[in-house]
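Colleague: If you want the building blocks of each chain, they are given just below.
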Amino acid sequence: MHKIGIQIEGLRKRYGKGDTAVDALKGVDMQVVPGEVVGLIGPSGSGKSTMLKCLGAVIEPTNGRMILGDEVIYDNGWKIKDLRALRRDQIGFVFQAPYLIPFLNVTDNVALLPMLAGRSNAEARKRAVELLEALDVAHRAGAMPSQLSGGEQQRVSIARALVNRPPVILADEPTAPLDSERALAVIRILNQMARQYETAVIVVTHDEKIIPTFKRIYHIRDGRTEEEAGEGRAFE
Amino acid sequence: MISLAGRDIQHAWGKFVFTGVGLGLLIGVTLTMAGVYRGMVDDAMVLLDNSGADLWVVQKDTLGPYAEPSSLQDDLYRGLLGMPGVARAANVTYLTMQVREGERDVRAMVVGVRPGGIGEPGQPRYLVDGRHITRSHYEAVADVTAGFKMGDHLRIRRNDYTVVGLTRRMVSSGGDPMIFIPLKDAQEAQFLKDNDAIVQQRRRTAANPAFNRPGVPGLLDAVTASQSANPYVNAVLVQIKPGYSPEEVAEPIRRWKRLQVYTRAGMQAILIGKLIATSARQIGMFLVILAIVSAAIVAFIIYTLTLGKIREIAVLKLLGTKNRTISGMIMQQAVALGVIGFVVGKIAATYWAGIFPKYVLLLPGDSARGFVAVVVMCALASVLAIHAALKVDPAEAIGG
Chain A
0 MHKIGIQIEG LRKRYGKGDT AVDALKGVDM QVVPGEVVGL IGPSGSGKST
50 MLKCLGAVIE PTNGRMILGD EVIYDNGWKI KDLRALRRDQ IGFVFQAPYL
100 IPFLNVTDNV ALLPMLAGRS NAEARKRAVE LLEALDVAHR AGAMPSQLSG
150 GEQQRVSIAR ALVNRPPVIL ADEPTAPLDS ERALAVIRIL NQMARQYETA
200 VIVVTHDEKI IPTFKRIYHI RDGRTEEEAG EGRAFE
Chain B
0 MISLAGRDIQ HAWGKFVFTG VGLGLLIGVT LTMAGVYRGM VDDAMVLLDN
50 SGADLWVVQK DTLGPYAEPS SLQDDLYRGL LGMPGVARAA NVTYLTMQVR
100 EGERDVRAMV VGVRPGGIGE PGQPRYLVDG RHITRSHYEA VADVTAGFKM
150 GDHLRIRRND YTVVGLTRRM VSSGGDPMIF IPLKDAQEAQ FLKDNDAIVQ
200 QRRRTAANPA FNRPGVPGLL DAVTASQSAN PYVNAVLVQI KPGYSPEEVA
250 EPIRRWKRLQ VYTRAGMQAI LIGKLIATSA RQIGMFLVIL AIVSAAIVAF
300 IIYTLTLGKI REIAVLKLLG TKNRTISGMI MQQAVALGVI GFVVGKIAAT
350 YWAGIFPKYV LLLPGDSARG FVAVVVMCAL ASVLAIHAAL KVDPAEAIGG
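In the order they appear, the protein sequences are chains A and B. First residue of the first sequence? That's 0 in numbering that gives the first Met the number 0, and the numbers climb one at a time after it. First residue of the second sequence? That's 0 in numbering that gives the first Met the number 0, and the numbers climb one at a time after it.
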C-alpha cells in the first residue's frame, strides 16, 4: 500500500508571458492519502480546472512538486517521460459526463485501459467484470453506453477509472447532471471504492448536495488552496 | 487488443455502408472510364486481329486505310501475289457511313470484300449466325452490335442488301460495327457518283474539245467509259508465307511497287498512337480529375467522420491511448471505406458496362491496380484526419 495517494507542494501555473501573464495557481499545497475522498471546491475562474489538468499530467505546471503513490512525478519539471502511460496506469479520470466510448460495450469500455497497458484481453475483461460486479452494473456488461441510464453510465466510468488500480482518481464534477439521490449514490460509491482499492480521490465540484459529504475540503481561491474539515455527513 | 476501428464500423455500420456506397459509385465511374479507354484500344486491336492481315498495302505517303483516305487500283493485288513471301492478297474497301434499315439508321463501317473469299484477309473471321457472302451483289454480313437480324434489308446508297450472316466483335477503331458487302458494290458505294452528277460530267466531257475531237471517233466513248468505272480500293491486305518476316516482305513492295506498306506493328502504332491518341488523352485527363475528386471526397469523408469523434479521441488520449492506436483506428476505417467503395464500384461498373453503346472492357489487371490505388488513396486521405486527431488536446475531455 502506498503511504501517499497524492501530494502537492507549492504548485504554480502561469499562462502567458510578460505583462499578459496570468498566474492561475500561486503555490498550491494538497495531500490526499489512499482511501480518502476530498472535495476541491471554488468559484469559476479560481483555478480548479487548471489544477485538475496539472494533476492529470495534461498540462505542465510552471513549478512545484507532485508525488503520486511513492513516486515523484514532478519537481520543477516532469520526472516521468511517458505522460500518456502515467495517465493510463496511475491516474483515474471520472468526468462530468461519463464520456464512455460509444462504439464499445460496457465491458470493453472498462477493459480498454488494461488492454492499452498491454494486458491480455482475457485478463483485462476479467478485471472489468470484477469491477462491474463491485459497482452493481455487471448485469449490463454487454450493453452499449447508449442503452444505459445516466447513473449506470457514471458507475461504468468509475469502474473504468479504477480498472488499472491507480493511486489517485480525479473526478471532475461527477454529480453535476444527477439528482440528489443519484449524486449521493455516486459519492458513496467513490468512498467505497476508494477504501476498497486504496485509492485517493479528489472530487472537483460546486455541487451543494455533495459538499457536506466530504470529511476534508480544499477551497481554492485566486490560485491558492485552504484546507478545512468537512461534515462527512453521509458516511458517519 | 480490440479493434477500435472494427468496433466503430460495427456500431455505425449503416452510416459507414451508406458512405461506402456513395464512394463506390464514384469509384465505379472511374473504373468505367478506364474500361472505356481499354475498350477503344481493344476495338483498334480487334480491327487488326480480325483483318487477318500481316501487311497493309496502301497509297504512297498516306496513313491509310483507317486513319487517312487511301486509293489503289483494284488490279494491284495481282502484282503483289507475285512478290516474294506473299501468300495471299485481297482488295478491301472501308467506308464509315450511315446504313439505313427501315426507319432507323446505324453508323457503321461498310467493308467491301471479295464474295466467296472465305479465309482471305479482310473477310469476317467467324460467324455467329448465317453464312458468308457468296453472291456478287446485294448480300451483307453484319456485326451483331449493329442490331440487325438475319433477313433484314439494309439500304446502302442506292441499293438494298439482305443480311445473310451475323458476326461478332468486328468493329472499327471507333467501335462502329462492320457491315461486309461484296467488293464491287462497296466500290460503287464509295466511288460512284449519283445519276445527275454522271450526266453532268458526260456533258462536260462532250463539250471539251480535247475529248471530243472531230475525226477521232470512239475517243469520247472511251473517256466516258473510263469515268464511269470504279477500279479503286482502299487497301490490299497481305498474308505472308511461313518463314518470312513482315519487314522482309514489305521492303520489296515499297521499293518496287512504290507503295506504302505497314506491318502490324506499324498499323498498331497508327491506330493507338494517332487515331485514338487524342481520345485516350481526353479520357486520361478525365481519369486523373476523377481520381483527384475521389481522393478529395475520401479525405473529406474521413475528416468529417473523425471530427464527429473529437470528444471520444480527446477522452482516449486523456486515458493514455497512444497516437499510434488512434492513427491506426482512423487509417483502418479509411481503408475499410475504400474496400467497401471498391467492391460497390466494381459491381456497379460490371453491371452498367453492358449498357454502354460502345465496348467497355474491364480488365482484371485494371481492377487490381484500381484496388491498390483506392487503398493507397484512402490511406493518404486519412492523413488529414489523423493530423486533426493528433492535434486534439486531451484537456478538452476535462473542460474548463
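None of these hints come from the bench; they were simulated from the model. One or more hints might be untrue.
[To be verified] Listed below are several chain B residues computed to face chain A (Cβ distance under 10 Å; list not exhaustive):
| hint | residue |
| --- | --- |
| 1 | Val314 |
| 2 | Val375 |
| 3 | Ala396 |
Ideal Cβ placement from N, Cα and C applies to all residues, glycine included.
Colleague: Each hint: holds or not?
Modeller: So, going through the hints one by one against the coordinates:
no.: 1; hint: Val314; result: 5 Å, holds
no.: 2; hint: Val375; result: 26 Å, violated
no.: 3; hint: Ala396; result: 6 Å, holds
Of the numbered hints stated above, the single one contradicted by the structure is hint 2.
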